[in-house]
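Modelling step: build the complete structure from the supplied sequences, incorporating the hints.
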Amino acid sequence: MIKIGVLIKHVPDTNSRIQLKGDAVDEADLKYVINPYDEFAIEEAIRTKELWAKSNIASEIVGITLGPVAASKSLRDAFAVGVDRGIHILDNAKAANDSKSISAALAEVCRSENFHLIFAGKQAVDTDSHAVAVMVAERLKMPHMSIVAKCEWEGSAHVKVDRDIEGGMKETYKLKLPALLTCNKGINKMRLASLPGIRAAAKKELKEVALPAVKSGLKMMGWGLPPERGQVKMIEGEPAQQAAELVKRLREEAKIL
Amino acid sequence: MKKALIIGEHRKGALKKASLELVSAAKGCDVYGIIFGSQAKAAADELSKAGVKTYWVKDAAFDAYHPDAYAAACEKLIKDLQPNYVLGSASSTGKDLVPQLAARFDGALAADCLSVSLEGDAKIRRPFYSGKALANVQIEASETLAFITVRPNAMSAGSLGSSGSVTEMSFSFDFASSPIQYVGATQGSGDRPDLTEANIIVSGGRSLKSKENFKILFDLADTMGAAVGASRAAVDEGLAGHDMQVGQTGKTVNPSLYMAFGISGAIQHLAGMRTSKVIVAINKDAQAPIFQKADYGIVGDLFTLAPLIQQECKKILGK
Ligand SMILES: Cc1cc2nc3c(=O)[nH]c(=O)nc-3n(C[C@H](O)[C@H](O)[C@H](O)COP(=O)(O)OP(=O)(O)OC[C@H]3O[C@@H](n4cnc5c(N)ncnc54)[C@H](O)[C@@H]3O)c2cc1C
Ligand SMILES: Nc1ncnc2c1ncn2[C@@H]1O[C@H](COP(=O)(O)O)[C@@H](O)[C@H]1O
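Protein chains in written order, with our numbering: chain D, 1 to 257; chain C, 1 to 319.
Hints listed in this document are in silico derivations from the structure and should not be mistaken for laboratory results. A few of these clues could be false.
Stated by the list, open to error - Taking lysine to any residue and the SDA-like style, the derived pairs with C-alpha atoms no more than 25 Å apart in a straight line are:
#1 C:K41 with C:S24
#2 C:K314 with D:Q241
#3 D:K150 with C:A64
#4 D:K255 with C:L308
#5 D:K94 with C:R104
#6 D:K141 with D:W153
#7 D:K176 with C:L308
#8 D:K73 with D:K203
To be verified - Sample of chain C residues facing chain D (criterion: CB under 8 Å; computed from the structure):
#9 K2
#10 S91
#11 P127
#12 A133
#13 N136
#14 Q138
#15 T249
#16 D295
#17 Y296
These figures come from a predicted structure and were not determined experimentally. Heads up, the beta-carbon is just placed ideally off N, CA and C, and yes, glycines get one too.
Structural data, given as structure tokens:
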């Protein structure tokens, strides 16, 4: 049976307000969800499994997360839409705190699973690094493609992918598997969990493993919030006056135009 | 003196401004560079003029980005030069290539940084939670080779004030046996600057109502030399292309001027544009949250205001 891995991170909801407490981010009131880009990865894994099933190619989807105890929730949510089982690399102490250490731990676990295909998100919305998945691929000596907007399968050994680049352009590549793909918005939309799916989720296998010995490359030296903007300057008057005044201010005050 | 290797990028032969921003980031180091592609002569010369000792991989086989091939060439240069830092832009290429190299050398990586100073100990500031928090990070002393990507437009373009050089680097890569084959690229949206590199962005929301109506923003953008962005609601409703989406699940932009037309200012939209230097909000609802994050605001109808603003810009820009 072909194994498909999906890297799933448990992150604060994008609606969260971030506040500091002492010299750290206050995590007490944050609500956590599956990283939005990892939803695309989950959906793409399920669609691939369904597609292969039509040609009698059987596959199994394994979700992997690294995080504190609470992170298992994202794996359970992924089970409810179709991920078959999960591995939770437990890290309550946040010992893996940068792309280097997180990718090393994820790669070690992925290696033991011997995946044919791995899906991940383009980036996690807490770190915004756009790095961990690419680093996992490199550590596994697995070819990869990032920012994937479309997959077209040729059997289960070759895939043609479109990758989003600057200027609205897309680059197309063909990959021979095994491979790792990071998903961008636009590739799909994650299905909703069905009731039977939610029931089945509770029974799926979720294995907890200890964090392998990893080393971080970065040290956090202190947090800050982005500077507040000054009071907004409202421009009043008739539309034509407003337009003229705005352009004048942009030129003379803000010195932009 | 510490050594830095910067990964330069060009578009159709013209050096990207973001590459000169890497020169700023690398100040204080002995700076080397690498740039790829048969069209990169002028770009290599410009890097050299900025003081960078530039290696130019001229072979046309490297015209298109290829993760394995680019990484192999960089790996060779890193082994030869033994730099302390490798810097790239947080572009579609840099965000792919630099982490790959970091893993290959098992080095530290600081991604998408807003400010980098490598004079003395490295001082790096990078955003977390899509810019809702910022952190100062330091590279662990045990890391002798560290990798950094810098967000385009976050730092100013720089020059080292010394003279650089251009050396043609011959490097062969076995493209035929790579598991990755480049097939081709689609055409982009012409000469308009990319959102992530644009100095001015004109952006529209759901309120534009149709794809055709977006033309008023494209017209304004043409006058201003701006790129055109959109909210997710506008993208999801098919008014604008995916590549135009600004925000949490779209692009992170950093222009001097961001003009939001009929965008409510949802937290996920702000995530993509909050670091813009000046923000202008135009919205018919005086209570719209975007006004709390804007520098200048106009309460009014975008369909009336956009053409008027374009006329005013034409007057002063002479277009
Ligand atoms: C996980 C997640 C990720 C997301 N990622 C993104 C993202 O990347 N980018 C993004 O933008 N959003 C994102 N969103 C969606 C976001 O929450 C908002 O729904 C979206 O930004 C709203 O778009 P809008 O401002 O165009 O529409 P609306 O919120 O509907 O606002 C329309 C505005 O236009 C004004 N208006 C209407 N007509 C006119 C007129 N004629 N003239 C002037 N003003 C007018 C209205 O007063 C209103 O303020 C995300 C949401 C989630 C949950
Ligand atoms: N702690 C984690 N657990 C599982 N997957 C992760 C983790 N961190 C990052 N990833 C994966 O790597 C992608 C890129 O993350 P990042 O480099 O942090 O932006 C994410 O979208 C996930 O798919």
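Comparing the hints with the structure gives:
1. For the given pair, C:K41 sits about 21 Å from C:S24 by alpha-carbon distance, which is consistent with the 25 Å threshold.
2. Of the pairs offered as hints, the one joining C:K314 and D:Q241 holds, with about 15 Å between alpha carbons and a cut-off of 25 Å not exceeded.
3. As the CA atoms of D:K150 and C:A64 are separated by approximately 19 Å, the hinted pair is consistent with the 25 Å bound.
4. About 20 Å separates the Cα atoms of D:K255 and C:L308, which keeps this hinted pair within 25 Å; it holds.
5. Between D:K94 and C:R104 the CA atoms are separated by roughly 24 Å; this keeps the pair inside 25 Å, and the hint holds.
6. Note on D:K141 and D:W153: the hinted pairing holds, with a Cα-Cα distance of about 22 Å set against a maximum of 25 Å.
7. A distance of roughly 54 Å separates the Cα atoms of D:K176 and C:L308; the hinted pair therefore is violated under the 25 Å criterion.
8. At roughly 14 Å between alpha-carbon atoms, D:K73 and D:K203 fall within 25 Å of each other, so this suggested pair holds.
9. For C:K2, the interface hint is violated, the least distance from its beta-carbon to any beta-carbon of chain D being 16 Å, above 8 Å.
10. Checking C:S91 against chain D by beta carbon gives a least distance of about 7 Å; that is within 8 Å, so the hint holds.
11. Given the 8 Å rule on beta carbons, the hint for C:P127 holds: about 6 Å separates it from the nearest Cβ of chain D.
12. A hinted interface residue such as C:A133 counts as satisfied when its beta carbon comes closer than 8 Å to some beta carbon of chain D; here the least separation is about 5 Å, so the hint holds.
13. Evaluation of the C:N136 hint against chain D yields a held restraint, the C-beta minimum of about 4 Å falling below 8 Å.
14. Using the Cβ-Cβ criterion of 8 Å, the hint placing C:Q138 at the interface with chain D is satisfied: the shortest such distance is roughly 5 Å.
15. Checking C:T249 against chain D by beta carbon gives a least distance of about 4 Å; that is within 8 Å, so the hint holds.
16. Hint on C:D295 holds. Least Cβ distance to chain D is approximately 6 Å, under the 8 Å limit.
17. Because the smallest distance between the Cβ of C:Y296 and any Cβ of chain D comes to about 5 Å, under 8 Å, the interface hint for this residue holds.
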